[in-house]
Structures are given as C-alpha cells and as structure tokens.
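Those sequence lines, one after another, are chains A and B.
Take 1 as the starting number for the first sequence in the working numbering and just add one per residue.
Take 182 as the starting number for the second sequence in the working numbering and just add one per residue.
If you're looking for bench data, these hints aren't it; they were derived computationally from the structure.
Computed from a prediction, not measured in an experiment: that's the story for all the values here.
Where is the CB? At the ideal position from N, CA and C, for every residue including glycine.
One should not assume that every hint holds.
[Said to hold, decoys possible] Pair by pair, the computed Cβ-Cβ distance ranges are:
1) A:Asn-153 <-> B:Phe-211: 25 to 31 Å
2) A:Asp-86 <-> B:Asn-269: 52 to 58 Å
3) B:Asn-269 <-> A:Ser-171: 30 to 36 Å
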Amino acid sequence: MADITFLMLIFFLVTTTMDQDTGLSRRLPPMPTESQQQDAVNQRINRRNIIVVKINSRNSLMAGGQVLDVSQLKDVIKDFLTNPTDSPNKPEKEVKAIEGFGNYPVSKGVISLQNDRGTSYNAYIKVQNELVRAISELRDDFALAHFGKRYLNLDEEQQRITRDAIPSNISEAEPVEVGKR
Amino acid sequence: MATFSRKGKKELPALSTASMPDIIFMMLIFFMVTTKMRDTEKLVMVKVPEATEAAKLERKDLASYINVGTPILSLQSQYGTEPRIQLNDSFKTVKDIRDFIASERETMSEEERSFMTVSIKADENVRMGIITDIKQELRRCSALKIMYAARKPSTSNL
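Please work from the sequences and hints to get the whole structure.
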C-alpha cells in the first residue's frame, strides 16, 4: 500500500501548481447608451476636478499638462487629490457625512487615464500601478491618522470608512487617439 | 567478582519505518487537496508585467482568463508572431469574447455571477490597442470586474 500511496504522492507533487493569481483589480465603467452619451457632453465634470494622465505611443507620460517620469507620477497624484493648499486649480472638496465616522472633506478629484493604441502594456501597467500606489498611500495616511493602523490591518468597517473618505476615482475613459504621428 | 557484561558492541538500532506510510499519506492528502489541474493548454507566451501593488485574486473559482500574447514557438509558423487572444483552448478574435463570457456565466450560479472577474493575462510587450479592444468588448458584455494580471517583483525594495 505504501508503494501505491508513494506513487500517488509523486504524481500530485509533480502536477501541483502553487502559483497564486495576482494583479491589479479595476472596475470598467458600463457602456453608455446613446442618450447618456449626449448627457456626458452636456454635463462635463468641472475642469479643476480632473487630472488627465496620458501615455503616448512612445510611452512618454504626461499628467495635468506636464511631462513627467513615471517615478514622479505618484507624488503629483497625491498632491492633486489632497490639494493641501486649497488651490483653485485643484479639485474641490465636498464635506460628506460618512456613516460611523462623521463629516470629512472628500476630494472630488478624478484621474482620467488615456492611452494610445501603440502604448506598450508594460508602460500602461506601470502607470496603473503608480495610481494605485498613490491612492493606497493616501488611505494608509488616513488610516494611521484616524485609527492608528495601516489600511490593510483595519477591520472591515474601518476599511469601508477609509474607502469612502479616499475614493479611488480612476476613469479609463473611452479610447481616444493620443499623440498620433 | 560480579560484573555486568555488555552484550555485543554498541550498535545503532535500525530506524523504524513504521510511521513512513502515515507521513506519506498525510502529504498525499495535502497535495490532493491543494492541486488544481490545469485545464487549458497555453498557446500564447505570456510574461505578465511587474507591479508592486498587485493584490491577490479573491475568488479564483469565479475568474475567467483571457490570455494575450505571441503564439508559442511551435505555432508561429502557422499563426505568425502577431499577438493573439487565447480563450480556453484556441485562438479567438475580439468578437468571440461575447460568447466566451456568456458561456462562463452559464457555469456559475445566479448569485455568483455578479462577482465574476475577468483576468486579462497579457504579455508585457503587447500594445494597448488589442487590450483596449478587449476592454471595450467586455464593457459591451457588462463584464465590468476585471483584473490586469501582474506579478510582484521578486526582489522587494521595501
């Protein structure tokens, strides 16, 4: 019997894959209907609340009208979303009542990510990663300031409060041709 | 004179192997439980990009995979080196994603469907054009939960 079990053990040892699936989760916006498309043109979001991040076909990056390196993007995004100096060119804050927490000025900032068809996937993921990092650092800051723990160590209720206070508004807008040659 | 005589030389007793089957059996059961058989054969070469913020996929059983990359070497003579989409076991085009998503939905129970995640496993060298097409098609099928497969860099600099 031991022989048979040993054989089976070796079989399963060889076939087992221990790889875990990791990645960046995103939620796509639903496809707009014809009438909604019209609405979208009419009610544009206030310009100061949008930062446009563009990647062209040569993988150069531009955010909010400046040419940047990927390493600088995180700080630009953090500065944009927090707007520490209440500059009129950066997003407004809306005081929202968060259930179980109280009032908190929530930034209305939206990050709009645009890419070209020729952008390499690697560059795109690098930028996505920086955006996620900026938001998760802001959430960590909030969590440390109010709960004294990092975001990942909070319980579910506290995580929800943090998510409400620092929303992740990344829009992967309709495909547009950026930087056509 | 009374002496205690030692019988023979000091020898190491033979290692008991009686517990070996138990150990093997335990390992066997462990591997049987953790194994997930690979159900599809890879037809495209995929090396997913690195991302430090990559998070674990929560419900692996509710995930569908879209592989994008250049065909494997043995198929390149037939299909060329342009990046292609692989769904299940064959090369497909963007138009076939709709049927693929529909059939994946069929296999899930009613309440699980809203948690379905589509994992896009794309090679780091593909262009965004093909990815954008996939994303637009997924939006049309209202499969909105997606994940860009990425791996954590092996050497963390934290």
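Status of the hints after comparison with the structure:
no., hint, result
1, A:Asn-153 <-> B:Phe-211: 25 to 31 Å, "holds (30 Å)"
2, A:Asp-86 <-> B:Asn-269: 52 to 58 Å, "holds (53 Å)"
3, B:Asn-269 <-> A:Ser-171: 30 to 36 Å, "holds (31 Å)"
In terms of the numbered hints stated before, the structure departs from none.
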